[in-house]
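Trainee: Dock the two chains into a complex; use the hints.
Protein chains in written order, with the numbering used here: chain A, 1 to 486; chain B, 487 to 1199.
Among the hints, a few may not be true.
[As the list claims (entries may be wrong)] Taking beta-carbon pairs under 10 Å as the criterion, some of the chain B residues facing chain A (in silico):
hint	residue
1	Phe678
2	Arg848
3	Ala888
4	Glu1105
By construction, these hints were calculated from the structure, which means they are not laboratory data.
Just so you know, even glycine gets a beta-carbon here, dropped at the ideal spot from N, CA and C.
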Amino acid sequence: MSAPCRVLIAALGGEGGGVLASWIADAAIADGFAAQRTSVPGVAQRTGGTTYYIEIVKAGGRRPVMALAPAPGGVELFIASELLEAARVLHGGFITADRTFVISPLHRVYTIQEKIAMGDGRADADALAQSLKTFAKDHALGDFAALAQKTGAALNAVLLGLAARHMPVAPQAFRDAIARDGRAVEANLRGFDAGLAYAGEPPAAAPAPVAPAEIPHNFAAAVEAMPAVSQTIVREGVRRTIDFQSLAYAQLYLDRLAPFTGRAGPELFTELARHLAVRMTSEDTVRVAQLKLRESRLAQARAEARARPGDIVHVTEYLKPGPEEILSILPAKTARALLAFVERRGWSKGSIALKVQTTRISGFLMLKFLASLKFMRPGSLRAAEENAWIRRWLALIDLALAKDQRAAMEIVETARLVKGYGDTWKNGQANWARIADEIIEPMLAAPAAPAHFADAVMQARIAALADPEGARLASVIASLGALKAA
Amino acid sequence: MVEVSFRREIESLTLGAGAVFQGEGILAVTKALLQSGVSYVGGYQGAPVGHLLDVLVEATGEMRRLGVHVETCTNEAAAAAMLGASINYPIRGAVTWKSIVGTNVAADALSNLASPGVKGGALIIVGEDYGEGAAVIQERTHAFALKSSLWLLDPRPDLPTIVRMVEKGFELSEASNTPVMLELRIRACHVFGSFEAKDNIAAAHSVNSRIEAPAPFEYMRLSHPPVTFIQENDKFQRRLPAAQKFILEHGLNETLGPASHDLGIIVQGGLFNALNSRLEAAELSNAFGDANIPVLILNVTHPLAPEQISGFCAGRKAVLIVEEGQPDFLEQAIGQILRKAGLPTKLFGKDVLPMAGEYTPRVLGAGLAKFLRDNGQPAAPLESWLAATGAQAQALAAALPAPLPPRPPGLCTGCPERPVFSAMKILRKEIGPTHVSADIGCHSFGTFAPFDQGNSILGYGMSLASAAAVANSQARKPISIMGDGGFWHNGLLTGVAGSVLNRNDGVLIIMNNGYSSATGAQDIPSSAPTPDGRGRGVDIEKTLKGMGVEFISRVRTYDIRKVAKTLKDALNAPAKGLRVIIADGECQLARQRRIKPENAKAVARGERVVRTRFRVDPEVCTGDHSCIRLSGCPSLTVKPNEDPLRTDPVAHVNNDCVGCGVCGEVSHAAQLCPSFARIDIVQNPSAFDRFRNRLAGIAIKRFGGKLIDEARA
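Just chain B, with the same shape it has in the complex (with noise of 0.2 Å):
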């Protein structure tokens, strides 16, 4: 069960001919394949483009209708290779992952994917998650155009426009039997816009009309010796040139402004928003993009059409590349062209632009303003605006001279895996500092205050693999920390079986709880089975026993004592090989999703229903926070001192808490105060608890104290 109900989005889905769809960015290149006569969709979850697949496993009526198959994959090279079925059959697929990680797993599936190429389109959409708001390591998707001989569109964020590069990347992989790369930038997927809707096309071959007879032996499809030299040869001989005059023909890339002018402007498809609002800026465009410059506009950034650089340069003194991130890898190709066209225009680019970060639209307005100064057109509105907000950010310094402290992001209110780090602090003070093998999801943002834990980060599932040398080379085991998502994506493989294989030492923590959390709770092969869920149940136990793992633990996370002497017994057990901790507790967000519409209902009809919160008793809170760096739970923050005589701020609950109690178990496990209770509000009580509380008022009464009569609280 994901974590956003997509109602709304899977009606847009199903709109025809002459509608208007109004929506997300990501939704309508889902909407775009829908009518581009798709036959299987799949991918591996991950922001920025995780909503694709998430409301198409949703939109089951519409799915079915059409015959798409919709595969919820295990990982990005699982998707990749999904995509083998359009190398023998004329069917069109796609998958969707985040990248540059994701392309970096399914890399192996790609390249045996692109040597053959395909016969049915084929196209991969990648979140390009770069810049402002990114999670991973900054790298272009490019590089992997270029080595495997993908083709790579780069629309601009224009829902027409991308729906457009959508349906012509279809024909294009198809045209030139290549497998096509979408790529769109985090605020491209979340861009919200609206396009002209046309039906969708139920596929010619699908689960609703299935091929009669399988493909015929072809050695030709396959990415095997011999032929692998002869379809090295084919992609630059026949599929590249093919490609080249698609683009040209069918105008995938697009020129803006007066044909002759000094100057002109080549950038990224999707950089053209941002490039555009600094023309205006600089009084060279407006509003609609009616610029005074000539712009080539890239939405289609490998492979270029030599003659349609060239002619675009051709006349002109100077032009700028705006091209994010690094390496360059269009400016060098663009200068290679205009060499060889033996053109003298100048080229400018990464020389007024950075190398690497992304471009705001400061950078970008510094660069644009460079850019035409240095070729003797005039630049002063920008410089101004430049100038103005530079000021603006002196001034400001002297304002607030102290750092506004930052707010990473952080585990949610009552999460299962904080207490597993909770116990690892408590325990590092007894035992001393042990090395931490961090991995991706949401428990890496245990490295972060007030935590503080975790060595290496070496990829999603990687986290015991990355582990191997360590435990083989220093006194104290390691811990490796891993979720359930991170285990069935790669961590199974790599990490447990090359354990198992190699007889290393060291621990392993297992995070079940019960979902892909981070990318917004996806389900994996362990998800519960629900009626509408994909979880299979499948034990991660049993799955560990199979592999010939010998010590498991298992431990349900919010007993932090339990935790720290698990861990404890883990890392002292005295047999040599791997010890894995499964640490119990399912997602928070997930259950309260479930259990807070039930509970409320339940008390609507009058039920029993136990609401259970923590407090902290301000009178007793010393305001030393040690509770807090041992918890960092959202929901334990700090609220003024009421007691004239104290001045630092006490320890608080708010409303946000979930009852989880591991605030009162760290005070416990830690020993650190008795400033915690436990509050049980028994809704709709009985009439024994009724009988009960009463019986507990009277003998506290006759003992000097005072329990509040419910009836009248």
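The following block holds chain A by itself, in its conformation from the complex (with noise of 0.2 Å):
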């Protein structure tokens, strides 16, 4: 009897994993092998992380007895549909270094976990990768899911490409089994070769240098005084700005950089300059309105809706303005004194719901008229509410960068707390304001900036990141409170 070949494949439910399983032991068994196949789906197929594990043996006409598990230690062929489920499989111990060979592809389909996360959550893919590397007896990494897009075949197929190679059974038999499923044959056979003749994937091009920012050359000399790296950034935040608004406001811009010039390192200029663009250009109702008049959309629409030639493709913005979004285009006192009035008759709560079909006239001629209200915006009560946040984010920095340059840095970094719509925007912009208020300034105020400034910053930024309800940040303050009593 010839070594058994183990094989083991994690899929997400519904991807077809068992389609894969089924191939494979269709194949061995009609190649004169006996193999034995199965699985634990269950509820795992709606969308959950799942096995399955094939035996294959020459059996010379003896009935083997063969597991019906995994062992670890005990796997020949790891095939996955997943990287971070593959990694999860070598987590249970089924990858070694003395006999698994690994295919896996490099894409990654997001869990509700790491999509939920307020900021960026996902799992450090490269480090997912570079595990396998280094456990695994030898592997191929690759954009397999390309390659099934590009030949129209399932990414089983490619997967099953891939794994022909490292299975005692002959390609041919592995085509036949395609072939006797009957599933989209001709798409799942042009898959299947093309993962049998890959060698590897192309050594990867340098990035493609991308070209600055165009921008008007009266601010080329102000650009250039700026740290050298930082420049892409400053110029893309001059862009912005000017298209936000006007050539004046890109002075501004400017202006509220150059006083850090020499004062920050390069690092903490260039988020500065990043962030500081971002504010500047925060998504009132006048910018949604300009972003959505962009020729590129439609394209882009019919791109990733793959749309045919022919097909007529509408769009309907789905916008819904509470009583802030739509009164603080208006001056400052008008829109105060309006919003008194509408919290006094309890119609805060209130909004309309749209749906704006931009590709017809009524629709396209809101947003032209949303979009021509621009010239409100430099004394609209959101441009002066936007205005004292970055006037008081830039003192603290200022005030930082004499005291504590890695606690500046951090200071710079409390801008990500504040973005989004609505709510979204208001819990951000309290939550900043609790730690200016409660972990900033008073230890701005201190004689000599404590020691664990920066950490208490940082602490505080990533605790209000942790949950919407901002409990974490409350428990945070008070246990720095606790700290500074103690």
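Mentor: The following block contains the structure:
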């Protein structure tokens, strides 16, 4: 009897891992091997992670006793349909350097836990891939989803092609199994052959240098006076502020940055330039209308929806401005008075649900009208609020720079707390204000900046992004208060 | 219409003598039933045994030929009660369900069936949902076999053995007048293998050849005093010895390895393959199960034949019992047998192996190594394997210190139940938390992120009943969630009738998606009638009215604001009593299976078809992901931010989107952001579509915009 070939497959429910397992076992049996496959899908077939296990042996007519579950250190070939699931099997101990060949695509299907993070909750994909490379006997890791898309095949067919070289079964037996299965035979055979012929990832082309944003000549001197590594970001900031409002507004952007040239390290300066540009072009009602009128949008939508030539594509925007979004475009005084009135009447929670079809003239004109309100922006309530925030933020950075560069960097980073729309934006503002009031300002006011200044700000920022209810932030602030009292 | 089509499996069910059957374990059981001349089959769906019934429901032709009655029972109690036909009549019947939960539901009927016993063979096929992949409480079916004196088969996971045990199971049932349970673990149900088929047998009495006269009145056939006292004695004085005799005479249990050896292993049949792979690692067996150590494989785990056990143990220093799950029924029974036989053999089991949890290769290997080492048998190969896997685990922990994000199952893309949970989460923010009584079904995924809702789960269709005392002991009314599957399974009586009778306050949401979806979209009484389906279109609303429920609201789930308002109104309604919300929305998996091919055909024919999907504007999205925290749709994901000024990933709708609109509705209902847009793709547009679009293009151009010319797009 030949040495067994034991194959473990990890997939997501509904992805057809069972089909891949059946192709393999079916081909092995047809090619004269004894093969057995089993699985535990159950409710995992509803998008959860699951595994399939196959044993292939040359039994010479006797009936072998085959295991129904893989054993650590007893898997010759491992195939994953997704990178995290590959790492999960690695953690189970099933991939060993003495025998396991690993096949895994590099793409990610994010889990709900990764997706619901308020910032970036994604697992480190490079670390996952690296760990597979470290612990496998050998591996084929690549962009197999792209290969599948190119051939029009299911990812499974490409994976089968890749796997075929590492099983004792003849390649033709796999082709026959695909044909017998009868599902999308032509495309899957193309995918299988592409996988079989796969010869490693092409050497990664050096990323095309990003052309720096075009900006008017009269800004060039000011930009060039800034740290060299920051200039790409600053140019983008200039471009963005012009697009947002005007040349004068871009000048304001540069004027706000200028005092920090020479005082801040290049890394801090770059981050400052980045966050300042984002904050100065925050998404008010006018900005949203501007963005939604871009000519490139319809082409993007068509491509995303895979519309064919000749199809007509309609785009319907889901907008739901509340009183604040609508009124904050008015001059600050008027807006405040009207908002107070709305509050008294208990209308603050009200909003107008709009479904605006921008591929019709009526919807287009409505957005056009909103975008045309740009002229009101400089004196608007929203601008007043944003400017007040930006001034305070810059002032705190300025003060911190004199005391503690690391803390100053952390204060720059707090800008990521303020984002989104409606309640999300308000919560972000409130969280930021708590950190400024209860951590940054007291620590700046101390005669000598405390040693844990930077850490405290960082902890608070991370806590503010941990849960939308602000529970973690409250507890971090409380523990920092206790530290101070002690 | 079930989720999977069984065209090929149905063909293999008709194979005749000599042909090779290839397929899944549970379908091998199905074929074995037909080879055993079964007259009727029933059951309730659920992994891992659901396919047994699904395939028979579809195999109408062969069932008609053989005259087999196939019943889609409304719950496991109904299935167990159906076996009552075999009490009075010499006809063979089989039923199936997921255990432990299904056996719990069936318990009353099982006791009443076991007491009088059966004339015709009665087989209960249970999926032992234990260990990896299990969806239920971790308990053993074995307990039911013991308490009701049912025999329990646990065949080793090898198709010919499984098939033989089904066939022998009927004979054993008839020889001892006792219903027999056959348990298959998850992987055994799904194992693909082969066996040599026999011809199917048409039963002497069946749909095609009915019994002329009913059985004569015979009090001994009733589980009713005074004969219950006689029946209890009969179980132990006559039926048990008859069963033990049959088990020995027909060699249902198997012995492997050399007779003379200091040690021995007694293993549940279902665990034999796992044991053999560890014996191989210990260099005590090979790939064909040629063990160098004596092994007694119990394909029948109840009853044991004491003489077989003591015969196997006699002359041995020590014996290891490999028995998965708790309590250690076999170990206790074997200990008693050895004590009574006066044998000095030392008994190992749950001391070297864990009491609870699945016997994975590592767990089993560790226990086996300890048993061998403690009894002076070298175990070096096994120990070095254990050491290597342990070292690997340590190296891994050092290399990848952060725990990997878990991937629990979740509601599918476009699921009609998701918007109900979104609405509940939005409402929770507005009115504060409410006690939520959860239930079994797809909606139990509402207990996972991002919804995290549900205070208790008490069983299938039990949500409303489990809220009864809550409703009467706290200020705010509880919300109970129930699927239409759970409603017909149990909830109608234990929940609704009880709540009406007791005039309990509370809100019940019935997820009316049209099928028993979590188990594979089987038809239930309220499923829409179709030519090849079993649905009868029974109206849930009328049923509730007939039961005296006064407050009934109906809402289409995808309208999230309306769901939230309906729920709020129900919670705030002044009148006392049960308030039911029927949340309508067809299972999206079933819907897509139906309409996708229809639409593809229509597009190919050149007909006008509008396809809808959603998208996120990456420039407008600020990457806070509040939409995902309220939706959780698999097709609403994240992607890297292309904006050089931002780093947090933006929300993104991938190509699995079915255009249900929940993400857009959520952003409206919770007033999140203006990033969502609906895309309607008009395929094969009509002349009017094109004319209108051209007109819009001209008008938009006049105002400085540009609409892509569809002809050149």
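Trainee: Each of the hints needs a verdict: does it hold here or not?
Mentor: For each hint, the structure was consulted:
1. The criterion of a C-beta within 10 Å of any C-beta in chain A is met by B:Phe678, whose closest approach is roughly 5 Å, and the hint holds.
2. Hint status for B:Arg848: holds, given a least beta-carbon distance of 6 Å to chain A, under 10 Å.
3. The interface hint given for B:Ala888 is met, as the beta carbon of that residue sits about 8 Å from the closest beta carbon of chain A, less than 10 Å.
4. Given the 10 Å rule on beta carbons, the hint for B:Glu1105 holds: about 5 Å separates it from the nearest Cβ of chain A.
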